[in-house]
Each structure stands twice: as structure tokens, then as C-alpha cells.
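Visitor: Each chain, letter by letter, is given below.
Number of protein chains: 4
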Amino acid sequence: MSHRATMDDLVSLRRDLHRHPEPAWREFYTTARLVDELETRDLDALYVGPEILDADERMAVPDDAEIDAWVERAREAGAREDVLDRLAGGYTGAVAVVERGEGPTVGLRVDIDGLPITESEDGDHLPTAEGFRSENEGFMHACGHDAHATIGLGVLDAVLDSDFEGTFKVFFQPSEELVAGGKAVAEGGHLDDVDYLLALHVGLDHPTGEVVCGIDGFLAVSHFRAEFTGAPAHAGAKPEEGKNANLAAAAAVQNLYGISRHSDGATRVNVGLMGGGTATNIVAEEAFIEGEVRGATTELMEYMEDRAHTVIESAAAMHDCEVEIGVEGKAPSARSDDALAAIVGGVSEGVEGVDSILDRDDLGGSEDATYLMQRVQDHGGLAAYVGVGTDHPGGHHTRTFDVDEATIRIAVDVLAGSVERIAADRP
Amino acid sequence: MSHRATMDDLVSLRRDLHRHPEPAWREFYTTARLVDELETRDLDALYVGPEILDADERMAVPDDAEIDAWVERAREAGAREDVLDRLAGGYTGAVAVVERGEGPTVGLRVDIDGLPITESEDGDHLPTAEGFRSENEGFMHACGHDAHATIGLGVLDAVLDSDFEGTFKVFFQPSEELVAGGKAVAEGGHLDDVDYLLALHVGLDHPTGEVVCGIDGFLAVSHFRAEFTGAPAHAGAKPEEGKNANLAAAAAVQNLYGISRHSDGATRVNVGLMGGGTATNIVAEEAFIEGEVRGATTELMEYMEDRAHTVIESAAAMHDCEVEIGVEGKAPSARSDDALAAIVGGVSEGVEGVDSILDRDDLGGSEDATYLMQRVQDHGGLAAYVGVGTDHPGGHHTRTFDVDEATIRIAVDVLAGSVERIAADRP
Amino acid sequence: MSHRATMDDLVSLRRDLHRHPEPAWREFYTTARLVDELETRDLDALYVGPEILDADERMAVPDDAEIDAWVERAREAGAREDVLDRLAGGYTGAVAVVERGEGPTVGLRVDIDGLPITESEDGDHLPTAEGFRSENEGFMHACGHDAHATIGLGVLDAVLDSDFEGTFKVFFQPSEELVAGGKAVAEGGHLDDVDYLLALHVGLDHPTGEVVCGIDGFLAVSHFRAEFTGAPAHAGAKPEEGKNANLAAAAAVQNLYGISRHSDGATRVNVGLMGGGTATNIVAEEAFIEGEVRGATTELMEYMEDRAHTVIESAAAMHDCEVEIGVEGKAPSARSDDALAAIVGGVSEGVEGVDSILDRDDLGGSEDATYLMQRVQDHGGLAAYVGVGTDHPGGHHTRTFDVDEATIRIAVDVLAGSVERIAADRP
Amino acid sequence: MSHRATMDDLVSLRRDLHRHPEPAWREFYTTARLVDELETRDLDALYVGPEILDADERMAVPDDAEIDAWVERAREAGAREDVLDRLAGGYTGAVAVVERGEGPTVGLRVDIDGLPITESEDGDHLPTAEGFRSENEGFMHACGHDAHATIGLGVLDAVLDSDFEGTFKVFFQPSEELVAGGKAVAEGGHLDDVDYLLALHVGLDHPTGEVVCGIDGFLAVSHFRAEFTGAPAHAGAKPEEGKNANLAAAAAVQNLYGISRHSDGATRVNVGLMGGGTATNIVAEEAFIEGEVRGATTELMEYMEDRAHTVIESAAAMHDCEVEIGVEGKAPSARSDDALAAIVGGVSEGVEGVDSILDRDDLGGSEDATYLMQRVQDHGGLAAYVGVGTDHPGGHHTRTFDVDEATIRIAVDVLAGSVERIAADRP
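Protein chains in written order, with our numbering: chain A, 1 to 427; chain B, 428 to 854; chain C, 855 to 1281; chain D, 1282 to 1708.
Isolated chain A, as found in the complex:
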């Protein structure tokens, strides 16, 4: 018999996860904690770490020293050694599977990583007031993924406790904040038999009690990092011997912003980070820029990406430098299917606490759930990205972000109800 968490259990779990935020590919404590819970349920399969994804498709994987430091931190926070062993090599995340007779395969995707933001110490900030502020100083669950993971478990329990017939999979996906984990999970094999997929986000400026049945308007995105290598020289004595990596990088920055707008829709470009050089009197041998391009469609993002690479390579050539361009994160655009959104809407009408139901809204940002949605849609399945409102005092990705915990119960009811209805209706 499977254990079913009470709402108090879920709140407690969420607060524990909130105390231990871990950035992309470093969700060791988080995964171990979820495994602790999942093992007490009546699952048919539980995959963790390397078993859930295609290792070659991971992006922005930290170096070993960084990974080791976070494993150690997880260990000190109480993560089970046997689970940490299964995650060796920088693999995180889990997929839980239950099979309940004949019926379609329904998936739910939640993400689990935190952000490199220092959490507010202000007394008005509930986690601080209630004592579950981040213990990993400089990192924070500032986007609600602690709630997402918790809701994932809650939905699993509710489905196990229902008349659901079919197969249900919960994807606890790592590394969404860098859009670096979605592709690897999408190509990990566990999506291939999924007929219907729901993905979840809380908040997004919608208040507690509001549900958005199908979110669209994902900007496809690609993160790049370009490393320029020139040659150093004494800037006073032999400037002509230098191959100026700083100048190459500056020319790239200037011209990246000059990539033409596109008449097919919105595009974006940003060089968020740059750096280079060692001393005022040395022509810089090395410089880097790190940034992103986006598009309202995957095609528009790829248009920007192609142009960006040309600009960067030409800027390097212009100043006689070499350049290596790496892709550090990526997500396509996607669209929520009407049929699934309609079911979410119908279910939501009957959920206590829901007082506003929106058919559609635009995300206006990027998300790598789109890789998973696309995977399902590509083989003929349906997918929807569901928004469950929450009163959040600070904006997403700010130091005072927090989740109204009443949202947890609402989200569990909306999503578990939808999973059951989808399996029954096979839309």
C-alpha cells in the first residue's frame, strides 16, 4: 500500500527543498530527498540521474570540482549515500512510473533546480520569518521549483489514490533555469511512449485561484559562449605583435546587436556577460562573451543563431583571433494543444479555490519543457503547459519571491484531476 502525503507533509517537503536550493545539474540533495519520498510509494519503476536522460545532450555541465563541492554539500545536509552514488558524475533528477491497467500513458513534468540569487533576509519575507530561508547562501528557490517538485509528488499520490487507468510518469527534470536539461530528458527514452504530457508553472504574475489552461508564447532560445584567443603583446613596446581578443569581442558585441529584426515575429539578442585581458599594458590574449538569442518561433531563434555565429566568427577574423563558440543552453518554441487545455479548463471549474480560468496566455519567456512537449507532439501525442496562479510578493527571479502555499493543493487537484480525465477521455 502506497503512502499518501497530507497537505502538511507537502508543505513540509516544500520548505525542506526551499532550504536547500541547488543550481542546474547540482540538484543532489533535492533528488535524494525526492527519492526518499518516492521509495515509500507503490511505484512500478523509479529512474534516477543517468537513467533518465541522454548524457550526450546535457548542456552547461559544471566542471568536476564544482560538482564534487555540491555533492559534499548534499551529503552534509543529509542526502543518502546510496542515492548520491547513483548520481555520480553530475547526474540529477528522477522519473517515477506507475502502471494501473490498460490505458494511455500520461506524463507530468516538473522542474527542480534553484537560482544563484541571495535570498532576502527581511522579516517580511516569509521563508525568513518562518525559518526556512535558504541554507545554501547565494542560492535560492526564486522561481517556485521547490513547489513544482512538491506538487509533482502530490499529483503522484493523488493519481495512485484514484481510479486512473493507464500509465502515469512524473518527470522531475533538472537544469531548467539554464535551459540545459530539457533536451537531454526529452531524448532520454522515457517520453517516447507518452501520449499526453502536462507541464506546470506556478505564479507567472497570476494570483492564487487563477488557472491558465494552456500557455503559449514561448520564445525559443539559444545560449552561446564565445571564447576569443589572440596573442598577447606589450601595449607600449610592441602593440603590433598583439592579436587583440578584447577588440574582437567588442566588435562582436557591437555587431550582434545589429542583427536585423525579422518580419516574421519577435527576436532577441543579448550579450549578458563579457570579460577579457590580464593587465592594462598587455594586449589581451583572451576574451569571452556569453549571451543568448531568442525568437518567437524556433525558426526565428535559428535565424538569430546563424547570424550570431557569422558575426562572432567574422569579428574574430577581423582582429586575427581564433574563436570557439559553444551552445550552453537551448529550447525550442512550442504550443499547448487545445484538446488538453480544454480538459484542464473543465477540471479546474470543479476545483475548490479556483476562481478564474484563462484559456490561454503568453509566457513571453523561454522554457525547456518545450523540448519534452515537442517530443510528445512529434510522435502524435498532445501536450499542454499549465499555469497555476500564486500570490507571489516579489517577482520571479527576485530576492523576495515566494509561493503562496495554498497553491500546492489547488495545483495538485487541477493536475491530478486532469490526468484522470485525460486517461478516461483520450482526447
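Keep in mind the hints are simulated off the structure, nothing from the lab. Glycine included, C-beta positions come from ideal geometry on N, C-alpha and C. Certain hints may be false.
[As the list claims (entries may be wrong)] If you want the ones that stay clear, here's a sample from chain A, every Cβ over 10 Å from chain B, calculated:
id : residue
1  : D42
2  : G131
3  : E227
4  : A339
[Claimed, not checked] Here chain C is said to cover these stretches of chain A; the calculated rule only asks that three of the stretch's residues, wherever they fall, bring their Cβ under 8 Å from a Cβ of chain C:
id : region
5  : 243-257
6  : 264-272
Given chain A, put chains B, C and D in place with the hints provided.
Guide: This is chains B, C and D only, laid out in the frame that chain A set:
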């Protein structure tokens, strides 16, 4: 028996040339007028137009319509039809040769072209006051080449009238102002047996009565013209279809000025002219830049030229454009040989009106006499570039430049005396 | 009794106008020809040239020499001297007014200028085959404004011939192609009592028989011209004395394209034209850039315009230059009112030859009819921009553009019917 | 009676200093070690730390945490607590004064700081082989200032042991490597009565046994650091709200390199360091560039500095950012006086081991001894910068640089002899 011009004749000739300034490769009247004079002398050979140069090495040759217009203008000014026939195809300039027994071959190089500058109409400007202001409106002898050509004839007469033994050649070189004629004349064959070469410039901020025996400090120079070709597009409706030639040209300009200074000596870069596009709402299909690089040595100029080509080609590639780069003018650096300069100094001491003799001075600009000097020096000969001062009211290349005609006699005496002494001393 | 043109008359008029395309602010023949026609109608008022607009608000007015040349050309083509007198000073266009009892004031706006495009000489191009190709070589009615003016007259005749009650005004607006005339006409006073305004465009990739009742999606636009003034210097001898206008212009171009995209909607920027400098070896004293910014709304265009001015001024300051920025054309965004569009749709259903009616479509470009629409809407009136399809062999603004003349009758019926219905219904 | 160091003592001191290299303004151990020595001499005054300079003129002073760390490191290495107390607040360096009867005041300036370079661990590198490799890992005496300080003491001893009459001051100057200490010492008061000043550098690609009597060709230099502040924004959701500090910095870099060359002589510009931003998807709020300008004369450096500030400020304005520009180091140009150089040459002829004497050579780099030289010359004194050759296996500022210790004795003899002769001859 050869006719010898009086000083009055020479002044009269200089004023006639001054009235008919002709820019590079368009010196039709000038050449015809010189031929008129030269044919009355006892020459052993007179080469004109295509006979004096290597046609393939001409740079910045105007198009046919432009050439035809200047031929017609020369015809109207009284140029002889048979001479114009010999210049057909845009060839100008002349080489006069006299052979007087056994002895070395000595050359004198003078240049003959004018500038696209509108001459002052001010009453204080002597050519205006005396009625010999330019009749080719918009063009002017603003650098003294009218005097140079005249002095060339004067020296020829003086040498013919002397005890000179050997061969003497006067090179009336076209197209110096664009540094576009020197290379073609240098490779035209007539320099190959020259043992000693003198070249002349009046003025250069030296007063009447001052002689500079050997000028150095020529900046080697290369003129380039880059034509960018992209693709047009409606800037509102389909901006992404454009390949923006204006943007490529702007990126080139920005980065050309960023070519590193060189520790071996002075360098220069300038984009003097640019243009592109057809309408505000069309992404520009075509753009061009025209400019120059210089260096204190030929190597430094070539360093700049190499880097400039890389910048231009990369700027085109950066914005998906094609580019063609043409060289429109070029001159190496050069150095006056001490032995010749010493002879010029010695002769100058005995010339009436000379009251200041400088061994050396720097030009600080560019000149394509350097091609001729280098040609002679490369096969073991000696060369010197001689400055003969003149009180000039306005600076070189300004609307009020003028030559103190007393300089003509001084220059003839200094140069003719030097030619004789060189032939006698064979330094 | 007013003369009413037959369809043959209208076709003949359109072909005459087609033979005499005149660019912005130079529509002298066109205006005179229209006045010839209009004077034979039973008008209550006919305003021409300076009487129809606010002279201070004209943009991109050509210089006197240019205007004089086109007046002379119009005279030679047969324009009446007394009309040309009324247009003195570079004023063109006309407003015809008829008052027919009590009722609202309805306006119709058509534009009359041609483009600087050389018309195709191909035998497949109907104007060439039929002998009404442009007689103003290098200029062409390549956007159908010849048909627009003709339709304006046709609608006037039809309204005069109908039961219309109220006041009807036809605005023959000059200088739309440069978006340089709309603002002056909008502020000329004749719009102030207009309750309903229709504007017309033929074609726009809609075939003959298709009507678009209300066009939206106008990109607001602003044309700028920036003139940079620095200081000249010899690029070899004294480069540091130059204030490099070419470099300032290039920095402006590079950074204009770098103005950030806007999350509120589409924006555009283009530097269509640039130029500068006088010689390769002179640091450029003067340079200019000419371009445009656009936005999906007037606010977005103004965001771009503000940022563009900052960039241009900073680029000048950066290289120690002065700059003057002029606005050479401008148009806001606008929206067609539903109530008018509905009437146009209803009327179109009954017009012979109309086989497809679209409620809405996006222009995706710019138009200064928006100034007139906004003027009417600002004082509480309604406005709609109506598209009447025409089979055009070449695209707008291409050498092979042509209008299917069957469109003229359809457009007259749709618009005259709408004017009558609007006056009757007063929506 | 004053202690006089033997050559063995001096070598031992030099090796001790070499083991403890300290970067600019952090020479705590070095100063304390020198004070240990100096206190055993018969001095008339010994000034240390804040007593030797004008505190307001210090540049590039590290923050307190950095200073505290180096004080602690010096303490652990054995620096005397009472001396460290006198250096509190980040003051280093010393001035030793001896008065020996009537006579002029002669100064000797040596510098004492190390570099942030990791010393070679190769067995061929003598300090490694002999066990005096740097104990401050990552820092190294890679320019011979350990020898300079040692020679300063040796010359003091030799002068004390001679017939010198007058006042002799040795300036142990901190922070030369950042050209950040010279100005403060020059304005500290101790130079004001100095009639003659000698400054010293070993090596400079001259072999052991070669002396350069008067070095010239100092490039005047100014180090700048510009900090750009814009506004952050989400690059996908609200890019228009960002004020892009990275873009401002890139525009500055591009245009700094475009500052025109100068016809009066060599100039330099380099942006050696740059950085900015926090995340790929955030418009960068902050960025910085750090670099330098140089000129063959102080005027040329100031021309570059003026232009650089204009470029940086305009780049900030262009992208709506603020910028603060700080000067982090500075040195004028200077010239060695002939009269002093002649004395150095004369003395060198009699010094054992000197086998080559050069009157003049160009430094081709920058040095802030020029501030001290200028100070003396400005009040009518004379100054010379003396080079004493040393066989150095690696170049200056490389990991394998080392000083041939035979140079120490030669330099002491040349300089002490020159000090005596100067006092005697009063040139």
C-alpha cells in the same frame, strides 16, 4: 641648333600651364604644350603617352567618358590634334632624351598634374591679379607642378647648352597627385639605364633661396577602394532579407581606425570617402569606402595594408556581403643618397640667390617619385629628391597656393649644375 | 450641371497621369490636370496647393532649383499657366468640396505622387505595350497613385450623381511616398469638420475582386537625416587636427542598429543612405546618414526615434563633431474603425465584380493617411483605410507594377456606395 | 660608526628581497627589511611610509582587506612590528638622508616593488636552483627591483665611506610597476632641495658590463579605469528597459582604438581588461574597461587622454549609461640631462667590469621616475636615468627573468662614483 628658352619664356610657359590645370591621367593639354616646346629642341628621342610607361601598372585610371571630356577640353584650349592622337586611350606625360657622347645616364623627374581645387578669386592672389588664374574651373595647380614642368624644360635647355657628357633624360610624369603614375613610369623601361636620378619639389614650406639637398621621410602609401555588395530589402516589410552593405561599410570604417599602432614607426589610416544606399526604406545593396594607409617605411605601409584588407573582408563577411578591394594608388618609402645630395649642396653654394642650404629634411607626406628612385637604386644607381624653396602665400593644396617665379631660375641653376657635376664626378 | 466621367474617361485620365509621374512635392502636372477636370464639376469649393495644408508642417521639401525644373517640365507637358501660378513655391495637391444639404461631412483621401523608379520597357508591360509608359524617364507610378487620383474623381462624380446628403470632400494629397505630406494636410484645416474619412489603396497583393474593409497594422515611421560636421585635415601630415565626420557617421550606423528590440511589438531601424568625405587623403569634414525608424505603434516608433537621436548625437560627440538631425518624413500608426469597415463590407457585397470581402488585413508598412485618420478620430470622428484588390503583375515599387483597370470601376462603386451609406446611417 | 655591507651581504639581501616580492603599495616586508639595514647606518634622517609622500597623490591604492592580508604576510615573514605600525594604512617605501658638510644635495632613486607573475620552477632558473625562489606564490621580482633596492643600500654605504661633501638622499620608491607611486613621492617634499637626481634601472636588454649614461624615450602614460552603470532588464521579456552597460563598454573599446594617430610622434592606446554583466539573460547593468594611453611626450599622452575620455563618456551617453573614469597610474615623459650623463660616462670608464658605455638609449616604455626627474628639473636641477646592464636569461616581466649579481657591484661603483663626482663638480 636647339632653341633655349629665356627666363621670360619659362615664366610665360609656367603661366600657360597654370591656366590649364589637368588632374591625374588627364594632362592632355599639358603634354601637348610640352611636346610643342620639346620638338623645337635638339633631342635624340621624345617619347609620349603610352611609350613612357607600363600600361598595366597605371592606377586610378578614369573612365572613358571622363577622359574624352578632358581630351575635348584640351582640343578647345588649342592642343595639337596629332599629339592628342598619340595620347589616345588616356595616356599622358613625356620623356625627353639627349645623348652627348660618352658618360653616365642622368635623369630628372618632374610631375605635371593639377588638383581638384577651386582657385582663389581674391585680388591678392597673384594668378588672379595677373590674369593667369585657372581656366578649368574647379581645378588648380595648387602644388607647383606647373613650375616643375617648366623647370624640367629649363634644365633640359641648360644641359644642352653646357659641356655635359653622357645621356640626359627628363621624365615629365603624369598622375602624381593620386600616387597613381609613378609605378607605371618606373616600370616603363626608360629608367633601366639611368645611373643617377634627381627629382624635384618646390616649396614645402621652405622660402625662396633655400635648398634641401636630399629629402627623406617619405611615408609609403597605398590607396584602396572597397566596394561592398549585399542584397536590398524593404526595411519595413522584410528587413531580414537584406544584406546590409551600409552596415558592412560602417563596421569596416570603425575597425580600420582600430588597426594597432606599430612600434617600428609612424603609420596612418584614413577613410576619406564613403557612400552607400539608395533610399531610406531600402536596406542598402551597395556601399563603398575609399581611403589610404601609410607607413614610415614600405614595410609599415604593407603591415597596415594587410591588416586593412583583413578588416574589410571580415566586415563584409560579418554582414553577409561580398567585397572587392582595389588599389587606386601606391608609393613606397625611399631615401636620398648622400653622394648625390652632397653634389647638390656643393653646386647650390655657387648659385646666385641661394642663401640657405639644408642637407636633409623630412617630407612627412607621400610621393610616387619614390618608385623611380627605388628603381634606380635597385639596379645600383643613386637618387636624390631635391627641394627648392619658394615663398608660397597659401599652403600646398590650398586655394591661395602660388609659386614665387624667382624660384624657376634658381631651380634650373641648381639642377642643371648638379646634372653636369654628377656626369663629371660619377659619384 | 456637373460633368460625369465615363469609365473610358477615367481610364484615359489614369493613363495620362501614368505618363506623367511626378515625385513628392513636385506633382505640378498632376495637380493641374486634376484641376482641369474638377473645374468642370459642380463644386462648392476647390482648394489647391498652399490652400490645402499647413506650410510649416511640410517635410522633405526639395530645393528651389529642383522645384523649378519640375514646374518647367509640367509646363512643357501642357499644364495650365494659371494653375501653376497658384502652386508657386512648391505646393501641390487639391481638395474638392461639394455640399448637398444637411448631413455629415464625409471625406475621401487619395494620394497622387509617383516614385523615382525607371519603368520597364518590356513588351509584356502593358503601359509600354499600350503606349502610356512614363514620359518622365527615371520616374514611375509604381504604386498605383495614378489610379488613386482617378478613382477620387470617379467617386466625386458618383456622389454628385447620387442622393447623398451632407458635405463631401475629396483630398488629393501630395507627397505620400516620402510620408512627407500627410501631416501638413492633416493640419491644413479641411479635416477639422470631417466626421467620417475613408482612405484608399489598390492592390497590396490582393487580386481584382477582393475588398479589405479596414486595413490596420500600419507601422508608424519617422525618416531622419543627420549631417555631421567635423574638421578636415591632411590624413598623412596632420591627422590629429581632423575631426572625422566619416568615423562619427560610421559609429552612428553601428550603434543605431543596436537599439534594443521592444517587448511591446515590432520595431525597425534602417540607415538607407550614407555618404561623406572628399578625398582619400583628407580626414572627412562632412558626412551624412539618412534612414528611418518604425514601430508597430506610434509609441514604439517614438521610442526608436528617441534612442536614435541619442545614438546619433553621442556618435558625433564621440568624434568631436557637430550634428544636425532633421525629420524628413513621419507617420503615426492608426486603426480602422469597425463601424466604417462594416459599412464598406455591406456595400461591397452588392458591388458587381467583388467576389471576396476581408474584414481586416495588416498593411505591414507605413502610410501617412494615418495622420488624416488620427485627426478625424481625435475629434470624435471615424476613419477606415480601404483596400481594393487589383491584379498587379509586378510587386509594388517595382519596374513592372501595373494596375488592372477593372479595379477603377469596382473601387468607385465600393467607395461611392460607402460614402452614401455612411451619410445616411451616420454610424 | 656606520656599518658597511660587503658584497656578500648585498647578495644576501638581494636574495632575501627576491624571496619576498610584494606588489605595489604592499611592500611591507621589503620596507621593514630595508629599515632593519638602514637603522644600522649613520643616517641623519630616515623617513618611512606616510612621511615620504603626498598621500593624496597615491594612485591605484588597494582596498583595506588586500592591504591587511599583505601586512599579515609580512608579519609572518618576520617584519618588525614597530615598522609595520609606522606603515599603517597602506604606506610603504623609505627615504634615507645623510648630510656631510657643505655641498649640493644629490638624490638616488630606486624602486622596490614586485609583479603579479608566477616565478619559474625550472631547475635552470637560478633562484630556483639556489633556493631563493619567491615564497609569495604568484608574485615575483621579475624586473630587478630587488637588485635596485640592494644597490640603493650599497651606494649609500659607499658614499658614507667616501669623501663626499653635501647631502645625499636615497629614495626607495614604492609602486613603480603601476606607475602609481612616483607622483606621490615627487610631491612629498623630499625632492624639493635636490639639486641632482640619478635614477637606476638594471638590464633593459643591455649585458653585464654595459652602462647607458642617460636614458630617454620614456613614453608618457596614463592608466584609466572606466566603470559603466546602466540598468538591468530581462533580455527576453523587457529588453527595452535595460540600459546596456556591456554595449556601452564595447562601443568605447571600438572607438578608443580609433583615436587618430598624431603627427608629432608615437602614441599608444590599449584596453587591457574588460568585463561586465551577470547572466546571459540579463541586460548588463555594470561593465568596466581598464586600459592605458601613452605618448612620446607628455603632451601626446594628454592628447590621447583627452580624446579617450571623450570617447568613453560619449559611449556611455550613447547607450544611456553613466560612467565614472578614474586615473589609476600616470607618468610623464622626461629627458636625461647631458651634463649628468657625461659624469656617469666619465666615472664608468674607471669602473672595473665596465666594457661598453653608451651615451644614450631609448626606454621605449614608461616609468614614473619621470615624475621625480621632472620635479628636480622644474626647480632648476639636473636629472639622469642610468642603465646598468645585466645578463638576464628571460626578458623583463617574464617567469625566467633574473639578475646577474655581478651587476650589483658594478652599479654601486658607477653610481657612488657619480654621486661623489657630481657633488665635487656641481655641473
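Visitor: Please go over all the hints and tell whether each is borne out by the structure.
Guide: Against the structure, the hints come out as follows:
1. At roughly 55 Å from the closest C-beta of chain B, the C-beta of D42 (chain A) stays outside 10 Å, upholding its exclusion from the interface.
2. Listed as a non-interface residue, G131 (chain A) keeps its Cβ farther than 10 Å from every Cβ of chain B; the least gap is roughly 54 Å.
3. Non-interface call for E227 (chain A) relative to chain B: holds, since the shortest CB-CB distance, roughly 18 Å, exceeds 10 Å.
4. No Cβ of chain B comes within 10 Å of the Cβ of A339 (chain A); the nearest lies about 34 Å off, and the non-interface call holds.
5. Restraint check on the region 243-257 of chain A versus chain C: 3 residues with Cβ-Cβ distances below 8 Å, three needed, restraint holds.
6. Note: the region 264-272 of chain A has 4 residues with beta-carbon separation from chain C under 8 Å; the three-residue rule is met and the coverage holds.
The structure shown violates none of the earlier numbered hints.
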